[in-house]
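Colleague: One letter stands for each residue in the lines below.
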Amino acid sequence: MKQIKKRWGWVLLLVVILTLAIATPALADDGGPTTQEVGDLTVGINILWMIVGGFLVFFMQAGFALVETGFTRNKNVAHTMMMNMMVFCIGAVGYWLTGFAFQFGGVNAAYPEVARLGVVAGAWAHSPITLGDWTGLLATPLIRFGQFGILGGSGFLLGGLGANAGVLAFFLFQMVFMDTAATIPTGSMAERLKFIGFVLMSLWVSMFIYPLVGGWIWGGGWLQNLGRSVGLGNGAVDFAGSGVVHMIGGAIALAGAIVIGPRTGKFNKDGSTNTIPGHSISLGVLGTIILFFGWFGFNPGSSLGFIGAFRNLAVIAAINTLMAGAAGGVAAMTYAWLFGPTKKPDPGLSVNGILAGLVAITAPCAFVDSWAAVVIGLIAGVIVCGATVLLEQWKIDDPVGAVPVHFFNGLWGVLAVGIFANGNPDTAAWNGVESAVTGLLYGGTTQILAQFAEAGSIIVFVFGLSYVFFKALAALKLLRVSRDVELQGLDLPEMGTLGYPTDWEPSDLEEGIKARPGKTAPAFGSAD
Amino acid sequence: MKQIKKRWGWVLLLVVILTLAIATPALADDGGPTTQEVGDLTVGINILWMIVGGFLVFFMQAGFALVETGFTRNKNVAHTMMMNMMVFCIGAVGYWLTGFAFQFGGVNAAYPEVARLGVVAGAWAHSPITLGDWTGLLATPLIRFGQFGILGGSGFLLGGLGANAGVLAFFLFQMVFMDTAATIPTGSMAERLKFIGFVLMSLWVSMFIYPLVGGWIWGGGWLQNLGRSVGLGNGAVDFAGSGVVHMIGGAIALAGAIVIGPRTGKFNKDGSTNTIPGHSISLGVLGTIILFFGWFGFNPGSSLGFIGAFRNLAVIAAINTLMAGAAGGVAAMTYAWLFGPTKKPDPGLSVNGILAGLVAITAPCAFVDSWAAVVIGLIAGVIVCGATVLLEQWKIDDPVGAVPVHFFNGLWGVLAVGIFANGNPDTAAWNGVESAVTGLLYGGTTQILAQFAEAGSIIVFVFGLSYVFFKALAALKLLRVSRDVELQGLDLPEMGTLGYPTDWEPSDLEEGIKARPGKTAPAFGSAD
Amino acid sequence: MKQIKKRWGWVLLLVVILTLAIATPALADDGGPTTQEVGDLTVGINILWMIVGGFLVFFMQAGFALVETGFTRNKNVAHTMMMNMMVFCIGAVGYWLTGFAFQFGGVNAAYPEVARLGVVAGAWAHSPITLGDWTGLLATPLIRFGQFGILGGSGFLLGGLGANAGVLAFFLFQMVFMDTAATIPTGSMAERLKFIGFVLMSLWVSMFIYPLVGGWIWGGGWLQNLGRSVGLGNGAVDFAGSGVVHMIGGAIALAGAIVIGPRTGKFNKDGSTNTIPGHSISLGVLGTIILFFGWFGFNPGSSLGFIGAFRNLAVIAAINTLMAGAAGGVAAMTYAWLFGPTKKPDPGLSVNGILAGLVAITAPCAFVDSWAAVVIGLIAGVIVCGATVLLEQWKIDDPVGAVPVHFFNGLWGVLAVGIFANGNPDTAAWNGVESAVTGLLYGGTTQILAQFAEAGSIIVFVFGLSYVFFKALAALKLLRVSRDVELQGLDLPEMGTLGYPTDWEPSDLEEGIKARPGKTAPAFGSAD
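Protein chains in written order, with this note's numbering: chain A, 9 to 536; chain B, 9 to 536; chain C, 9 to 536.
In isolation and in its complexed conformation, chain A is listed as follows (with noise of 0.2 Å):
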C-alpha cells in the first residue's frame, strides 16, 4: 500500500501539473490581460473623452468673440475681440490661484467622478468634509471653508492634489466652463465697459462668484444634497450648466447691464428704441456655428466618461444638443419672418434662437427624449425672441442679446429638467445623482422643485452679489468710459489701436471717427 500511495502520490502531482497545464493557457500565455490592464484602459477612454471635450469647450470662445464683435460696431472691433481673447487668459490664472480649490477642493476621494477618472486614492483627500458628511440642509454652510481648502489646503495653484491625470484633466474641463460663464458678461455691457473694469470682471467671476455658487451644485454642495437633506431623493441636477454656466453667466451679464446703463443712442426720450446693427454678418454667423460645434464638447463632454451607463449619456447629450440647437434656430427663424420687427428671417435673431436652443437643452441634455429636445428647442427659440423684446421694454441696453439667450433660456433649461427627465436609470450614475432623474411628465412630483431651488440660488445670489460688485466699480469710475470715447469708438482711446485700420481714412483719424456717421453706425434718432 506505500507503493501505491507513493505511486498515486505521483500520479496526482502530474494530474495536477496536466490540469494546471490544460487549464491555464489562455491566461498563461504572458498572464492574460489583468484586472489593472483593463481598469487602465477603462480610465483613459473616460479621460480622452473629457478633455478632448474641453479642448472643444475650449474653442467656444472663438465663437463667442465673433458672435459679439459680429453684432456690434466696427469702432470697437479691438476692444471686443480683446474682451474675448483676454477673458481667457484672466480667467486661467484666476481659476488656478483661488477658483478650483473654492470649487472642488473639498471633494474628496469619495465623489465618484474622481473614481471613474482613476484618480489615485489620496490625491483629493486633504479635505475634511466628506459626501457623506451631509447629514441635513442646517448642517451644511453655505460657504463651506472646508471645502476652500483653507484648512485642507487642497487645490490652491493645483497644489495637493498630486499630478494625478484624472484631477487634472477635470481642471481643465472645469476651468473652460468657467470661462464659458465669464465671457457672457462681456456681451451685454460692450461697446462701453472700460478694459480695466472687463479684468475686475474677470477676477471676479473665475476666483470668486462662479467657483461659489457652480461649488454648490457640481461640487458637492448644499444643492447637490438638498434632495437627501430634506429625504426628497437628488437635489439640483444639472447636466451640463444651463444653471452652473448660463444663468450664472447670465446673471452677471443682466446685473451688469443694469448697472452700466444703455449705449448713448439707443433709447430715445420719447421711449422709442434704435435699432443699432452690428458691423458683420459673416462675423457673427461663423461664431455661431463655432459655439454649436464646441457645444458638443460642453454637453457629451459632461458625461465625464464614456464607458459604460456613460457612454449612453454622452451620446444622447449629443443627439440632443443637435436637435434643439437646430429647433430653437427654426422656432426663432420663423418667429421672426412672421411677427418680428422685420417680417424677414432675420439672421440676428435666427442666431440668438439657435444659441437659446443649445442653451436650454444644456442642463436636460443627457434626461431627455429627443422629441423632448426639439420642444425644449422650439420654446427655446420663441424665449429668446419674447425675452428681446421684453428687456427693451425694460430699458435694459444688452447689444448681443447676452441676457436672453443665456439667463432665460438657462433658467428654462434649469426647470426643463423638472419637467421632461424621463427617468432613464443610466441618469442615475452620473456626479452625485441619487436616483433616476424624473420629470413631472413622467411622474416626478419633486425633482421640479430642486430645479426652482438651483434658479433661484443663482437669482439671488450671483445677480445680487454682481449687482454690488458693479456697483462698487462703477462708484469708483473704473466701469464705463466716457460719452466722448464712446461716441468715437473705444478702440483708440481703450486698446490704442483700431480694429480695422484700413478702413479709415487719414481724414477720419484727424477729424475724429464720429464725423462720419455711416462708419460708426446708421444715424439714430434724437440721442439723450
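A few of these clues could be false.
Calculated lysine-lysine pairs in the DSSO-like style (CA-CA distance at most 30 Å, straight line) [stated by the list, open to error]:
1) C:K351 with C:K277
2) B:K351 with C:K403
3) A:K351 with B:K485
4) A:K485 with C:K351
5) A:K277 with A:K479
6) C:K479 with B:K351
7) C:K403 with C:K479
8) C:K351 with A:K479
9) B:K351 with B:K277
10) B:K403 with B:K277
11) C:K277 with C:K485
12) B:K351 with A:K351
13) C:K277 with C:K403
14) A:K403 with A:K485
15) B:K479 with B:K403
16) A:K403 with A:K351
17) B:K485 with B:K351
Please keep in mind that the hints were generated in silico from the structure rather than gathered at the bench.
Dock chains B and C against chain A, hints included.
Modeller: Showing chains B and C alone in chain A's frame:
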C-alpha cells in the same frame, strides 16, 4: 479497499481544490477582466471615434459658409451665410422627421456596423426586411417601403430604436453627412435664390431625395447589393461618399443652377463671360482650411470603428485624404499658373483644387495606396479647372464652383475606386462589402461596373427628380428673386439686414445700393 | 490492482475534466478577453489620441493664416492667405517625397514609440541602423545616410513601410509638425516675398532642412543620443518641439527676414521706425484662439500615447499649455499697458504674448509643475515684448513678430527644460529618454548642457544653411518683389486677384491702388 477509496476521495477533492487555487489566481483576483468589459471598451472606442468624426463633419458647415460667402459679393453676405447656417437647422429637423427612417429604417441588427457600435439586439429589429433577404435584383423594389419603416414604424423621429448609444451616434454621423450634401446647392444658386425656395430645397434634400438614394448605397439598398444580386461580388462601394454625398449634392446643385439661370451680368449677348469676383479671399481661404480639417472626420470617421481592421482603414483614409487634398491644390495652382486666365497662382482655383482632391478621394480613401491618392488628387485638380471652363461654355452659372468640385470630382472619385483599389483584405470587413475591394490596376474587373451603376443612378434619379422639383418651385414663383432685388443685393430685401451695415454710407441706403457699382460688383459688360 | 488502477485512471480523468470545468468558466465563457484583444485596445487608444492631436495641429494652419493676414495690410491679403494655405499642400507633397524618410527612415522597430503604436515588426526594419548602435558621438555621422533610407530604401513616398496604421498615423502627426515650422517664415517675409520664392522655401523646409535637424532630436539622431554618447544620461529632450518646430521655423524666419530686407517705409533714414498696422484685429485674434485650440493637439498629442504613464504626460502637457499660454498673454498685456509704446493693453502684443507662452512651454510641457508653467509663460510674455524692440533696433523687419515669438521663445523653452524639469519618473518612458528628465532646480546638472547643444545646433545649422539658401534665391531674383509691386500691394501682380475686390472703388483700380494711402497703410514717414 473502501477505506482506501474514501481516503483517496478526500485526496482527490484536495487535488481539485489545490489545482483550482493554483490555476485561477490571475483571474481570481477580483475575477479578472470579463469579455463583457472588454467588449464595452471596444464599443466605446468605436463610437468615440465615429462621434468625434461627426463633430468635425458638423464643423464643415462653417467651411461651406465661408467659402460660399467669400467667393460671392458683399451685397449678398447675410443671405449666403444664413443659408449655410439654417440648412443645418432645417435639415436636422427634416432628417429626424423622415430622412433617417427612409435611409436606414430597414436596416436591422444583422447590419455589420450595428454590432460594431454595440447596438442592443432588437433596437433595429422593427423592419421586416433583412440584408439577407435580397435574393435577386428583380426582387428589390427601387423604393423599399419596408425600409421606410412604414410597416415597422422604425426610425421616424428616432422612434422605435431605443435610446441606444450605437443607433444615436450613427444617426448623428449620418445626419451631418446629409447636411453636407444639402449645403452644396446653396453655392450653385447663390446670389439669386429666394430664401423660401432655399427652405423648401433643404426639406427636399433632408427628408426625401438624399435618404432615398443614400439608402441604396449605404443602407442595404439595391446598389449596395448589386454585386450579390447578379453574382459578381461587391456592389457599389463608396467609403465616405464621393457619390452618396458629393455627387448627390452636386447633381442637385447642377439641376438648380440650370433651372434658376445665370446671374444678371454673368454672360454677355456676344457669348463672352464676365468674371464676378467675390468679396473676401480671407474668408474663402479660411473656409477651405476648415473644410480640410473637417474632412479628417468625414473620411477617416467613415471606418465606423477604430479597433482592428477598422483602425487600419481609418488611418489609411486619413493619410490619403491629406495627400489627395494637397495634390489637388498643387495641381490646380500649377494649372492656373501655367494655363489659367490670369497666368497666376489663382486663389479661387487653388481653393477649388484642394476641395476637388478631397471630394475625389472620399470614395476610395480607405482602398488605395498613398501614391494613388496623389495621382487621384492631381487629376482632380485638373478636372476642376476644366469643368469650370466647360460650365461657362454651357452658359451655366455656378458662382462658387460647386458643380466642378462636387459633381465632376464626385464622379471621378466613384470611378477611381474601380481603378485604384488595391485589394487590401481589411476592406472586406467594411459596410456590406463581400470581398476585398479591387480595382482594374489590381486585376479587379467587376468593381468598376458597380461604380458606373452608382454614378449613373445618381445622375438619373437625383438630377432628374431635382430638375423636376426646381421646375415646380420656379412655376410657383418660389425659386428666383426679381432682377431689382438681385441688382440691389439680396440682403436687405430677403433678410432684412445688410451683411456689413457699416460699410455703407447713409447715402447708399437712400439712393439704393446699386448706385455705387464699386460696392456691389465691378462693372460688368452688357447685361442681358 | 489492475482493475483499481484502471478504475482510478477514469476517476483521475474525471477529476481533470471537472477541475477544468470549474477552473475555467470565467475565461471559458467564449474564452475571456485575450492579451491580443486588450493590446489592440491599447494601440487603438494611443493612435486615436495621436491622430486626433494631428488633426488639431493641422487646424493651426488656419490660425497662422489669420494671424499673419490680420496683422498685415489689406493690399496683401490674397498673397498672405495663399502662402499659408499652399504651404500645407506643397509641404505635404515634399514631406511625403523625401522628408519623412530623411527624418525617420532610419528608425527601426526598436524605437519605443513604434511598439506603442502597434507597428507590426518589420514595417520599419529596413534600415541598418538601430538606436542601440550608438556607441559614441564620434561614431554618429551628422547626416545618417542609413537613416535617409538611401541604403534601405525606407520611407520615401511612404514606401517600404507597409500599410501599417501605426506608421501612417505617425507620418500624419509628424507631417503637420513640419508644416508648422514651414509656415513660420511666411510671417517674417510677408508683404514682399515673391510667390515662387515661397514655393521653393516650402520645398526647402519640407524636403530637407526640417527633416535633417528634426531627425537629430526626435528621429534617433546625435542630439537625442548625445547624453548616452558622452555618458551623461539623457540627450536633448524636447517634448513637442520648442526647438524642433519653433526654433527651426524661427531660425529660417530670421534668416529670411535678414536676407529679404525690411518693407519699404518701415525704417526711416534718421534711424526711427514706423508702425505699419495690420488690417484686421478680428481676424488676428480669431487666428490666435485657433492656434491656442490647435496647441492642445500639438503638446498633449506629443505623448504619442494615452495609456499608463503616457496619459499622465499628456494631461500634464494640456494643463501646462493652458497655463503658460494664459500667463504669456497676461504678462505681455500688462507689460504693454505699463511700458509699451501706447501704454494700453495692446492687442498685437497680447496676441504675441499668448503665442510666446505657448511656444515656450512646448518643450517642457510634460516635464514641469503648473507653477513652473506659469513662470515660464510670464517670462515668455516679457521676452516677446523685449525681442520685438530688439529686432527693430537691429533694423530687421518682421511684420507679424514671427522671430520674437518662435525663435526667441523657442530658445527659452528649450532651455527651460534644463531648469524646471521636475524629475517625474513617468518622463523616463518617453521617446528615447534614458532617465527622468531633471532640471537645475531639482538637482539635475547635465540636462541643461544637452539643451544648449540642441539650441546651438539649430542656430548654427538651420540659420546658417537657410541664410545661404535665401542668398541663393536672392541672387536668382526669386526672393523679393519689385518696389512698385510692393507699394501697390502684392495681390494683383502676384496672385491675379485682390483680397477684398469690392472694397476698392473702380477708380482705385484705374489709378493704381497706391494712389489712396488710406487704403494701403497710414502715411508713413520719409520712406527710404
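Colleague: Would you mind marking each hint as holding or not holding in the structure?
Modeller: Going through the hints against the structure:
Using a Cα cut-off of 30 Å, the hinted pair K351 of chain C and K277 of chain C holds, with the two alpha carbons roughly 26 Å apart. Of the pairs offered as hints, the one joining K351 of chain B and K403 of chain C is violated, with about 36 Å between alpha carbons and a cut-off of 30 Å exceeded. Straight-line distance between C-alpha atoms of K351 of chain A and K485 of chain B comes to about 19 Å, which keeps the hinted pair within the 30 Å bound. Distance hint between K485 of chain A and K351 of chain C is fulfilled; the C-alpha atoms sit about 19 Å from each other, no more than 30 Å.
The suggested pairing of K277 of chain A with K479 of chain A holds, with an alpha-carbon distance near 25 Å, which does not exceed 30 Å. Between the alpha carbons of K479 of chain C and K351 of chain B the distance comes to roughly 27 Å, so the proposed pair stays at or under 30 Å and holds. For the proposed pair K403 of chain C and K479 of chain C, the alpha carbon gap of about 18 Å is at most 30 Å, so the pair holds. Only pairs whose Cα atoms come within 30 Å are accepted, and K351 of chain C paired with K479 of chain A is accepted, the gap being roughly 27 Å.
Distance check on the hinted pair: K351 of chain B and K277 of chain B sit about 26 Å apart at the alpha-carbon level, within 30 Å; holds. With a CA separation close to 11 Å, the supplied pair K403 of chain B and K277 of chain B stays within the 30 Å bound. For the hint pairing K277 of chain C with K485 of chain C, the CA-to-CA distance comes to about 26 Å; that is within 30 Å, so the pair holds. At roughly 47 Å between alpha-carbon atoms, K351 of chain B and K351 of chain A are farther apart than 30 Å, so this suggested pair is violated.
Using a Cα cut-off of 30 Å, the hinted pair K277 of chain C and K403 of chain C holds, with the two alpha carbons roughly 11 Å apart. For the hint pairing K403 of chain A with K485 of chain A, the CA-to-CA distance comes to about 22 Å; that is within 30 Å, so the pair holds. Proposed proximity of K479 of chain B and K403 of chain B is supported: the alpha carbons are some 18 Å apart, at most 30 Å. At most 30 Å may separate the alpha-carbon atoms for a hinted pair to count; K403 of chain A and K351 of chain A meet this at roughly 23 Å.
Simply put, K485 of chain B and K351 of chain B have alpha-carbon atoms about 42 Å apart, too far for the 30 Å limit, and the pair is violated.
Violated hints, listed in ascending order, are 2, 12, 17; each of the other numbered hints is respected by the structure.
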